Amino acid sequence: MGIKIIVCVKQVMDPETPASAFKVDPDSNKVIPAQGIPPVVNGFDENAVEAALRLKDSGDVDKITVISVGNNFVMDVMKKPLSMGADELILVQDESVSDLDAFATATALAKTIEHVGEYDLILCGRQASDWDQAHVAMGVAELLNLPCISLAQKLDVADGGITVQRSLTDGYEVVEAKLPAVVTVSNELGEPRYPNLRGIMQASRKTPTILSPSDLGLDADVLAPKLALTELFIPVSDKKVEIIEGENEADAGRKLALRLREEKLI
Amino acid sequence: MGGILIFGELCPDGLQSITAELLAAARSLSESSGDEVAVALLGSGADAVSQEVISLGADKVYSVQDPLLENMQLEAQLAAIEAVCAQAQPSVVLVGRTHLGRDIGPRLAFRLGVGVAQDCLEVAVDSGTGRLIATRPVYGGNALARFTFPGDGAQIVVLRPKAVEPLMADSSRTGEVVAVQPALDPSIIRARLVETVSQESEGVRLEDAPVVIGGGRGIGGAEAFEMLEELARVMGGAVGASRAVCDAGWIDHSYQIGLTGKTITPDIYITVGISGASQHMAGCSASKNIVAINRDADANIFKAATYGVVGDWKNVLPSFIETVRELINS
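Chain order of the listed sequences is A and B.
When we follow the numbering used here, the leftmost residue of the first sequence carries the number 1, and every step to the right adds one.
When we follow the numbering used here, the leftmost residue of the second sequence carries the number 1001, and every step to the right adds one.
By construction, these hints were calculated from the structure, which means they are not laboratory data.
This one's a predicted model, so the numbers in the text were calculated from it and none came from an experiment.
For glycine and all other residues, C-beta sits at the position ideal for the given N, C-alpha and C.
Possibly wrong hints are sitting among the right ones.
[Stated by the list, open to error] To be clear about the criterion: a stretch of chain A counts as covered by chain B if any three or more of its residues have a C-beta under 8 Å from a C-beta of chain B, and this derived list gives those stretches:
| hint | stretch |
| --- | --- |
| 1 | 111–117 |
| 2 | 171–178 |
| 3 | 227–233 |
[As the list claims (entries may be wrong)] Derived list of chain B stretches under chain A, where covered just means 3 residues or more per stretch with a C-beta under 8 Å from a C-beta of chain A:
| hint | stretch |
| --- | --- |
| 4 | 1092–1106 |
| 5 | 1109–1121 |
| 6 | 1185–1193 |
| 7 | 1288–1294 |
| 8 | 1302–1310 |
With the rest of the complex left out, here is chain A (with noise of 0.2 Å):
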């Protein structure tokens, strides 16, 4: 008898988008999508994936749900968790649920997780790479009031609890609950495996559950913000770097060196 898992992840713009071509729209506050770049999940909601992959090849593990709130989702894209190896996709699909700040986008994944009912650990990244906050899911827990543990490298599930080492920057924590409990996934667990042709294969043959807000009665009183932004705007720079150069790559070295000294920054 395994446990049920939920992992949250979110469809935002590929990181990898190059600085020149991340461009914003002024009137909107919007970033404009660059062109042929498609959507990507979120870097860290990979690594929760893959951290519920792990315990499920440890064998503890009955099902991984994988859940989503947000709108315009790219097929392809939202089905790489199946494709991992998770074993369903629940979307919260609208136009009114996309953009919402972290109270509404917690209140909406907790009103999913409700929806799904039986669960015995949550786990998501630890931020998304859109707006870096590192809220929601801290949300989730407060909302379902459970334990929640942030950082995670490396997590074990045993007996009805999980023990997890969360992240310092020299070093690390353990940390103990009981579950049901909300854990936040950092890159240090590891790389996120590539989905395989049978994982591919599987997850085709998949259909993901889509649901509307007003399915789980998220209405716009309750996706209200209580953060709203004001401007969104590309910081200029105007400074301007000098290259040094030489009669070859080791001389350009060298000149390097003597020039930083006639800053005496060396």
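Since the structure of chain A is already known, use the hints to place chain B on it.
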């Protein structure tokens, strides 16, 4: 009620610098709003630093005492600051983005049902609405965003360490010290910290190093770090790395510089094979001088660097190190 409440943090020696930084930010806000500035200090170390906190800008200190506050259990710290908020009813709560604060800020916000802005570089009062405007980096550091707090609830801001300079201590300042005993129930601790394992690397801490040498994907493999370590030794600095290189296993994650990783503020940061992606720049943009060695003339790092060489590090670096060694020894 109202006023600004700061989540103060102590350390074995007394007061953490972040608390002084938050006080400076609070006093600046108070100049616009006229709000009283209070600091909550949790645990038995509180009384020893109360006067120092007042001299750094506090009008009031809440000295919060409870046995559960003695061994850094997050849920106890959280319940304690929640109790102070119930008593003080602040309109603004300032927290530092420390290991503890980054979780305390948002979890307090969710418990109070209010908004919270994380990892802020700046906070100011909107003269029209009287509400706060918080500025923070987003999209991995590619952009800056300003946020405000709709409604009239408490506004929680988690400020980036070293974003604000502490004020000079003024020992003539006076303030009130208020004792708070939240009478915490042990059952609130559901995620228990059982052990802390410290893995401090030898030599200068990356966050404090005046010279940092950083390696990125362009160095090609783990062996390249030998040369970077050598340069660091010659210059009396520390070695760091981009996240990609740590994820690839070329070096331990404790060397990671970036948005998720360490923030460095050296006088000189020499980057080798680092493209300068925003997430990395978020961790090193406070460097006084960035020197970039990269094969790609269009690499983003050259937009942030003061000096650069476009070339293969394998050709550039050895003679750079040799020349540096000569200059330092001469």
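Hint check:
1. 111–117: Answer violated; 0 residues pass the 8 Å Cβ test.
2. 171–178: This one holds; 8 residues, not fewer than the three required, reach chain B with a Cβ under 8 Å.
3. 227–233: holds (count 7)
4. 1092–1106: Result for this restraint: holds, n = 4.
5. 1109–1121: With 10 residues closer than 8 Å to chain A, the stretch 1109–1121 of chain B meets the three-residue bar; holds.
6. 1185–1193: holds (count 4)
7. 1288–1294: The restraint on the stretch 1288–1294 of chain B holds, since 4 of its residues have a Cβ under 8 Å from chain A and three suffice.
8. 1302–1310: holds (count 9)
When held up to the earlier numbered hints, the structure conflicts with hint 1 and nothing else.
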